[in-house]
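Sequence order for the protein chains is A and B. Just so it is clear: in the first sequence, position 187 is 187 by our numbering, and no numbers are missing. Just so it is clear: in the second sequence, position 183 is 659 by our numbering, and no numbers are missing.
I should point out that these hints are in silico values taken from the structure, not numbers from a laboratory. Nothing here was measured: the structure is a model prediction, and the numbers come from that model. Don't take each hint at face value.
What the hints assert, rightly or not - Label pairs and their calculated CB-CB ranges:
| no. | chain 1 | residue 1 | chain 2 | residue 2 | range |
| --- | --- | --- | --- | --- | --- |
| 1 | B | Y483 | A | G197 | 27 to 37 Å |
| 2 | B | R607 | A | Q267 | 32 to 42 Å |
| 3 | B | F491 | A | Q267 | 12 to 22 Å |
| 4 | B | M550 | A | N6 | 29 to 39 Å |
| 5 | B | L521 | A | M7 | 52 to 62 Å |
| 6 | A | E441 | B | K648 | 46 to 56 Å |
| 7 | B | R637 | A | G465 | 28 to 38 Å |
| 8 | A | N198 | B | V542 | 42 to 52 Å |
| 9 | B | M522 | A | G180 | 18 to 28 Å |
All residues carry an ideal CB built from backbone N, CA and C; glycine is no exception.
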Amino acid sequence: MFQVPNMLFALPEMLMLGMACVILLVVAFTGSRRTAWVYGLSQLTLLATAVVVVWFIGEGGLTFADTYIKDNLSDLLKLFICVVNMLVLLYSQAYLKARQLLQGEFFVLAVFSTLGMLIMVSAYHMLTLYLGLELMSLCLYAMVAMQRDSGVATEAAMKYFILGSIASGMLLYGMSIIYGVTGSLSMNEIALAVAAGNGDETILSFGIVFLVIGVGFKFGAVPFHMWLPDVYHGAPTAMTLFIAAAPKIAAFAMIIRLLAEGLIDLQHHWQDMLVMLAVLSMIVGNVVAIAQSNLKRMLAYSTISHVGFLLMGVLSGTQEGFSAALFYTLIYALMTLGAFGMILLLSRQGFEAEYIDDFKGLSERQPWFALMMLILMFSMAGIPPLAGFYAKLTVIKAVIDVDLLLVALVAVVTSVIGAFYYLRVIKVMYFDKPLVDHKLEAGSTMQIMLSANALMVLGLGIVPGILMKICTIVFA
Amino acid sequence: MNALIFYSFAAILLFAAVMVITVRNPVKAALFLVLAFFTSAGIWLMLHAEFLAISLVLVYVGAVLVLFLFVVMMLDIDVAPLKEGFARYLPLGILVAALIVVEMITVLNAPAFNIAAPEVVEESNTKQLGRLLYTVYVYPFEIASVILTVAIVAAITLTLREHSRKLQDISKQVAVRREDRVRLVNLRKKQDEGDQAP
Numbered sequence: 001m002f003q004v005p006n007m008l009f010a011l012p013e014m015l016m017l018g019m020a021c022v023i024l025l026v027v028a029f030t031g032s033r034r035t036a037w038v039y040g041l042s043q044l045t046l047l048a049t050a051v052v053v054v055w056f057i058g059e060g061g062l063t064f065a066d067t068y069i070k071d072n073l074s075d076l077l078k079l080f081i082c083v084v085n086m087l088v089l090l091y092s093q094a095y096l097k098a099r100q101l102l103q104g105e106f107f108v109l110a111v112f113s114t115l116g117m118l119i120m121v122s123a124y125h126m127l128t129l130y131l132g133l134e135l136m137s138l139c140l141y142a143m144v145a146m147q148r149d150s151g152v153a154t155e156a157a158m159k160y161f162i163l164g165s166i167a168s169g170m171l172l173y174g175m176s177i178i179y180g181v182t183g184s185l186s187m188n189e190i191a192l193a194v195a196a197g198n199g200d201e202t203i204l205s206f207g208i209v210f211l212v213i214g215v216g217f218k219f220g221a222v223p224f225h226m227w228l229p230d231v232y233h234g235a236p237t238a239m240t241l242f243i244a245a246a247p248k249i250a251a252f253a254m255i256i257r258l259l260a261e262g263l264i265d266l267q268h269h270w271q272d273m274l275v276m277l278a279v280l281s282m283i284v285g286n287v288v289a290i291a292q293s294n295l296k297r298m299l300a301y302s303t304i305s306h307v308g309f310l311l312m313g314v315l316s317g318t319q320e321g322f323s324a325a326l327f328y329t330l331i332y333a334l335m336t337l338g339a340f341g342m343i344l345l346l347s348r349q350g351f352e353a354e355y356i357d358d359f360k361g362l363s364e365r366q367p368w369f370a371l372m373m374l375i376l377m378f379s380m381a382g383i384p385p386l387a388g389f390y391a392k393l394t395v396i397k398a399v400i401d402v403d404l405l406l407v408a409l410v411a412v413v414t415s416v417i418g419a420f421y422y423l424r425v426i427k428v429m430y431f432d433k434p435l436v437d438h439k440l441e442a443g444s445t446m447q448i449m450l451s452a453n454a455l456m457v458l459g460l461g462i463v464p465g466i467l468m469k470i471c472t473i474v475f476a
Numbered sequence: 477m478n479a480l481i482f483y484s485f486a487a488i489l490l491f492a493a494v495m496v497i498t499v500r501n502p503v504k505a506a507l508f509l510v511l512a513f514f515t516s517a518g519i520w521l522m523l524h525a526e527f528l529a530i531s532l533v534l535v536y537v538g539a540v541l542v543l544f545l546f547v548v549m550m551l552d553i554d555v556a557p558l559k560e561g562f563a564r565y566l567p568l569g570i571l572v573a574a575l576i577v578v579e580m581i582t583v584l585n586a587p588a589f590n591i592a593a594p595e596v597v598e599e600s601n602t603k604q605l606g607r608l609l610y611t612v613y614v615y616p617f618e619i620a621s622v623i624l625t626v627a628i629v630a631a632i633t634l635t636l637r638e639h640s641r642k643l644q645d646i647s648k649q650v651a652v653r654r655e656d657r658v659r660l661v662n663l664r665k666k667q668d669e670g671d672q673a674p
C-alpha cells in the first residue's frame, strides 16, 4: 500500500528547487542587468540549504517509497556540497566578470547542478541516482560550453559531453543487468536479494563491471581519465573549479551507495576492479603530472592521482576504509578549491595565471598568498602537519588493515614521485625572479575566504580528530 | 502464431535498423528509423505494454522524427564526407563488435535472468502506470521534470546571443529624436571650400 512520503526529509532539495525557479525568473525578467542580485540570491539559496541541512541533522530514514534516504552521510555531504559551492561562486565572480561570462544563466545552472548533487547524495534507488547524476552533468556540460568564442572551451565541452554520455550509458547498462538479476532497483532490496543468493553471481559481477566503469568515468580514474585533463585545461578556470570540487563529493556518495550499500556482499568482485583503477590512477596521475607546464593540466593529473587514493579507502570495504575515503574526499575538495582559487585570484582582465611560470617570484610580490599556495601544495603532496598528509595516512592504513600491502606500497612510492611537481611550484614561487606583475584585482572577501580556506587545510592537518571522528560516526 | 508474429516483427526491426546506418540518403535513413520505431512498438504491444507502444509511436514517430526529417530536408546536409572512412574502418569495427559479442556470450552462458514473469493484471495499462508514476515514483518523476527545465535553460544559454539577435526595441524606436537619425550637411558650402561631397 502506498504511504504518503515524509516530505520534511527532502526539505533541502525542495528549498533549492524552489529557489532555483525563483532565480530563473529573476534572470528571465532582469536579463544581464542585475547579475549582482542573482549572485546574492544564489549564495543565499546555498546558505539557506546548508542551514536547513544542519537544522534537521540526526533524525533519518527512508521515504518516497524507498527512493530517498536521509542519514548522517547524506547530511554531512550535503552540508559540504553547499559550503564548497558557496566558495566556488565567491571565487569565480571577479574572474567571470572580467571575461563577460558573468551571466544570470551561470548561476541558474550552478544552482540546478547543486540540486543534482544533493539528489545523488540522498539517492537510495538506482533510478534516482541516475537522474540526479544526469541533472548535475547536464548543467556542467552547458557551463563548460558557455564561453562560445573560445575553441578550446568548445572542444572541452564536446569531449566532456560525449564521454560523459558514454559513461552514463555504461552505468545504465550495469544497472539494467543488476535489475535483471535481483528484480529491484532499490539499494536495500538489491542487498537483500544478493545476501539471499538470488541470481547468478557471474551475471551480477558482469553488471558490476559496467557500474565500476561508469563510476570510474565520472571520477576520472585511469583508464577512464582521458577526458579529465582536456576538460580541466579547456574550460574557463571558474568552470574547472566548479567541476573539480563538489561533483567529486557527489561521485563519492554514488560509489558508496552503489558498491558499499547495495552490493557489499559482492565485495570480493568489485575489490579487484577498484584495486586496478586505484593503482593505475596513482601511477599515471603522478607520473604524467611531472611533464606538465600548465598548472590547470597539472592539477588535473593530480586530481587523477587523488582519485586513486580515494578509491583505496573504498576498496578496503571496511568501515574505517569508508570513513578514510570520506575524509580524503572532503580534504581533496578543500585543497582543490584553494589551488584553483589561487589561479582565479592571480588572473585578471586578459591574463590567465594558468602556467606554472606565471607563479614565478610570487613570494616577492604577494608574500602572503605565496605562503597560502605553499600550504596547499605541501598538503596535496602529503607533507605533515597538513591535512593532505593525514588523509593519505588514513587511506593507506585502511588498505594495510585488509592486507593489501602492494597497493599501499604503490601509494607511498607514487606520492613521493608526486611530491616533485608540487615542490616545483613552490620552488618557482620562492626562488625565481618574477616575470609578470602580480596585481590582485579580486575583492577583499575573496582574499579573506581564500586565506581562510588554506588555513583550514593547515588547521585540519594539526587537529584532524574532529572531522575524522565525524567521518567515523557517519559510517558507524 | 505469436512466435511467428514476433519473429517477423523482429526480422523487420533488424532489417530497418541496418538500413538506417547503411543507406546513403539521410531522408531514407530517417524513414527507415520510423519503420524501426513502429516495429518495436508492435513488439511492445505483444508484451502487453500498450502505453509504451502508443507513446513510442506518438512521441518518436509523431514528433521527434517529423522534426528530424524537417531539419534534414531544410539543411541539405552533404553526408558523403561523413561516410568517407566507413569502408576503411568497417573490418576493424566488425572485428571489435564480434569479439565483444563472443566475450559476452561466453561469460553469460548461464541461464541468468530466471526471475518469474509478473502476472498480467486485467486493468488498463495506462491507469496502472499513472498510479505508480504519481505515487511510488513521484520523486524520480519530479527530478525528470527538472532535467527537462535544465535542458531548455542550457539550450537557450548556448544559442541565444545578445548581439546576433535582430530584435526591434519598440520603445527605442518611438523615443528616437530627430538629431539621432538626420544629419544636415550644407553641400553648397562644402563645395565652395573645395571639399568632395559624399
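Status of each hint after checking the structure:
1. Y483/B - G197/A: 27 to 37 Å: This hint holds: roughly 36 Å between Cβ atoms.
2. R607/B - Q267/A: 32 to 42 Å: 38 Å, holds
3. F491/B - Q267/A: 12 to 22 Å: Between F491/B and Q267/A, where Cβ atoms are some 45 Å apart, the hint is violated.
4. M550/B - N6/A: 29 to 39 Å: 51 Å, violated
5. L521/B - M7/A: 52 to 62 Å: 38 Å, violated
6. E441/A - K648/B: 46 to 56 Å: 34 Å, violated
7. R637/B - G465/A: 28 to 38 Å: 53 Å, violated
8. N198/A - V542/B: 42 to 52 Å: Given a distance of about 45 Å, which is inside 42 to 52 Å, the answer is holds.
9. M522/B - G180/A: 18 to 28 Å: Since M522/B and G180/A have Cβ atoms about 20 Å apart, the given range 18 to 28 Å holds.
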